[in-house]
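Participant: From these two lone chains plus the hints, build me the complex, please.
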Amino acid sequence: DAGVIQSPRHEVTEMGQEVTLRCKPISGHNSLFWYRQTMMRGLELLIYFNNNVPIDDSGMPEDRFSAKMPNASFSTLKIQPSEPRDSAVYFCASSLQGARNQPQHFGDGTRLSIL
Amino acid sequence: GNSVTQMEGPVTLSEEAFLTINCTYTATGYPSLFWYVQYPGEGLQLLLKATKADDKGSNKGFEATYRKETTSFHLEKGSVQVSDSAVYFCALSFSNDYKLSFGAGTTVTVRA
Numbered sequence: 005d006a007g008v009i010q011s012p013r014h015e016v017t018e019m020g021q022e023v024t025l026r027c028k029p030i031s032g033h034n035s036l037f038w039y040r041q042t043m044m045r046g047l048e049l050l051i052y053f054n055n056n057v058p059i060d061d062s063g064m065p066e067d068r069f070s071a072k073m074p075n076a077s078f079s080t081l082k083i084q085p086s087e088p089r090d091s092a093v094y095f096c097a098s099s100l101q102g103a104r105n106q107p108q109h110f111g112d113g114t115r116l117s118i119l
Numbered sequence: 005g006n007s008v009t010q011m012e013g014p015v016t017l018s019e020e021a022f023l024t025i026n027c028t029y030t031a032t033g034y035p036s037l038f039w040y041v042q043y044p045g046e047g048l049q050l051l052l053k054a055t056k057a058d059d060k061g062s063n064k065g066f067e068a069t070y071r072k073e074t075t076s077f078h079l080e081k082g083s084v085q086v087s088d089s090a091v092y093f094c095a096l097s098f099s100n101d102y103k104l105s106f107g108a109g110t111t112v113t114v115r116a
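Going down the list, the protein sequences come from chains R and X. Its first residue numbered 5, the first sequence is counted upward by one per residue in this note's numbering. Its first residue numbered 5, the second sequence is counted upward by one per residue in this note's numbering.
Isolated chain X, as found in the complex (with noise of 0.2 Å):
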């Protein structure tokens, strides 16, 4: 079956730092893929998507590129501040198949 399979957290860094968060699918076929990310008492919010290989989708200062050779889907920020500070998921979904699949979730916490 399809799945994802995230970097185990909790995550620490200082403000400025780089943030890297590892995520690789298994899945039959070519999926599009997600990260959502969760705030502090909110629900999931998406980040950013890419839908076929070689994509990257990007937003607030988040990247992630679709890699088909090696099924991965990381997730980096070149410079983080404290409101980067929530729980990120990695998920897959396909055209035909509306349900997503979802990562474990990161959680990270940034300190000023």
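Next comes chain R alone, as it looks inside the complex (with noise of 0.2 Å):
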């Protein structure tokens, strides 16, 4: 079975410009995370997302950033304009909702480098 899928693997690019990243969770669950991780915070939830729905985008850290999930395959994080701050690995995370006790299955996560 495929797994959770994120795009790119890496990105580098300068300060200002726009970043889009891109996950396609396991197919038949609907709940998604988005996680963002560095050596000084650790592992942060974002925003998650149920039925394609945001319900909780507590820890999306500021206007720059925005979450999207069109439909039950695909979500995306932007940022515009990105800051050298936002470097980190960006995880996307899925899971089934309604079978109890069901655990999160990560991405390879992606490296973004904002010079």
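Don't take each hint at face value.
[As the list claims (entries may be wrong)] Simulated coverage check for chain X against chain R, where a stretch passes if three residues somewhere in it have a Cβ under 8 Å from a Cβ of chain R: (1) 46 to 54; (2) 101 to 110.
[To be verified] With a straight-line cut-off of 27 Å between C-alpha atoms, the simulated DSS-like cross-links for lysine-lysine are: (3) X:56 <-> X:103; (4) R:82 <-> R:72; (5) X:103 <-> X:72; (6) X:103 <-> X:60; (7) X:72 <-> X:56; (8) X:103 <-> R:72; (9) R:28 <-> R:72; (10) X:103 <-> R:82; (11) R:28 <-> X:60.
Hints were generated in silico from the structure; no laboratory data involved. C-beta atoms are modelled at their ideal positions from N, C-alpha and C, and glycine is treated no differently.
Facilitator: See the structure below:
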């Protein structure tokens, strides 16, 4: 079975540019999560969707960050404009809500470097 | 609020040594508990889980027992291999809230 697929795996861009990260969750999963991982702050939950609807975006750091889930098989996380402090590894994860105690399945992440 | 505290790393071991990573939690009620592992360059993978008190989760030679009285879920492996070098995360969740609360992670390096 295909796992969570993220693209790109690596992104290097200059500050001020728009960055779009993409995620395809596991088919049939109805919850999707975006995380950011840095050495300083560890793993942070940015936003979580259930049935394509954003449920909790309290972790989104500021208005420069936005996330969408137009359908059950695709989500994007956008940063505009990007800043060097946004450099991190961004993970997408999915799970099956409604099935008790189901784990989250993570993609391999996008390593983002803002110069 | 809910939180997870893990022993700080990094932990460096020799092959075939015994590994313990301590994890304690603070939560209202009885959460499900998880250990995730992150190998270099990859995302987190579920290693094992336990959903109620006294449950023991096990996988790949790793074990952890849900201890309600000590609010702990310590990870153990009797004989580690170089391939066990990774970052290990303890986490909790409740069945009515699908968010995970993660610990800070413990980096384990196993030397041949």
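Participant: Holds or violated: are the alpha carbons of residue 103 (chain X) and residue 72 (chain X) at most 27 Å from each other?
Facilitator: 21 Å, holds
Participant: Measure nothing beyond the straight line between the CA atoms of residue 103 (chain X) and residue 72 (chain R); if it is 27 Å or shorter, mark the hint as holding.
Facilitator: Distance ~18 Å between residue 103 (chain X) and residue 72 (chain R) Cα, so the pair holds.
Participant: Given as covered by chain R, does the region 46 to 54 of chain X meet the bar of three residues or more with CB within less than 8 Å?
Facilitator: holds (count 6)
Participant: Going straight from one Cα to the other, do residue 82 (chain R) and residue 72 (chain R) come out at no more than 27 Å?
Facilitator: Status holds; Cα separation ~8 Å.
Participant: Holds or violated: residue 28 (chain R) and residue 72 (chain R), Cα atoms, limit 27 Å.
Facilitator: The hint holds at about 12 Å.
Participant: Does residue 103 (chain X) lie within 27 Å of residue 56 (chain X) when you go C-alpha to C-alpha?
Facilitator: Holds. Residue 56 (chain X) to residue 103 (chain X) sits at ~18 Å (cutoff 27 Å).
Participant: Holds or violated: are the alpha carbons of residue 103 (chain X) and residue 60 (chain X) at most 27 Å from each other?
Facilitator: 22 Å, holds
Participant: Check whether three or more residues of the region 101 to 110 of chain X sit with their beta carbon closer than 8 Å to a beta carbon of chain R.
Facilitator: As far as the region 101 to 110 of chain X goes, the hint holds, because 6 residues have Cβ atoms under 8 Å from chain R.
Participant: Take the C-alpha atoms of residue 72 (chain X) and residue 56 (chain X), compute the straight-line distance between them, and say whether it is at most 27 Å.
Facilitator: Distance ~8 Å between residue 72 (chain X) and residue 56 (chain X) Cα, so the pair holds.
Participant: Residue 103 (chain X) and residue 82 (chain R) were given as a pair; does the straight-line alpha-carbon distance stay at or below 27 Å?
Facilitator: 21 Å, holds
Participant: For residue 28 (chain R) and residue 60 (chain X), compute the direct alpha-carbon distance and say whether it is at most 27 Å.
Facilitator: Not OK: residue 28 (chain R) and residue 60 (chain X) at ~33 Å, beyond 27 Å, violated.
Consistency with the previously given hints fails for number 11 only.
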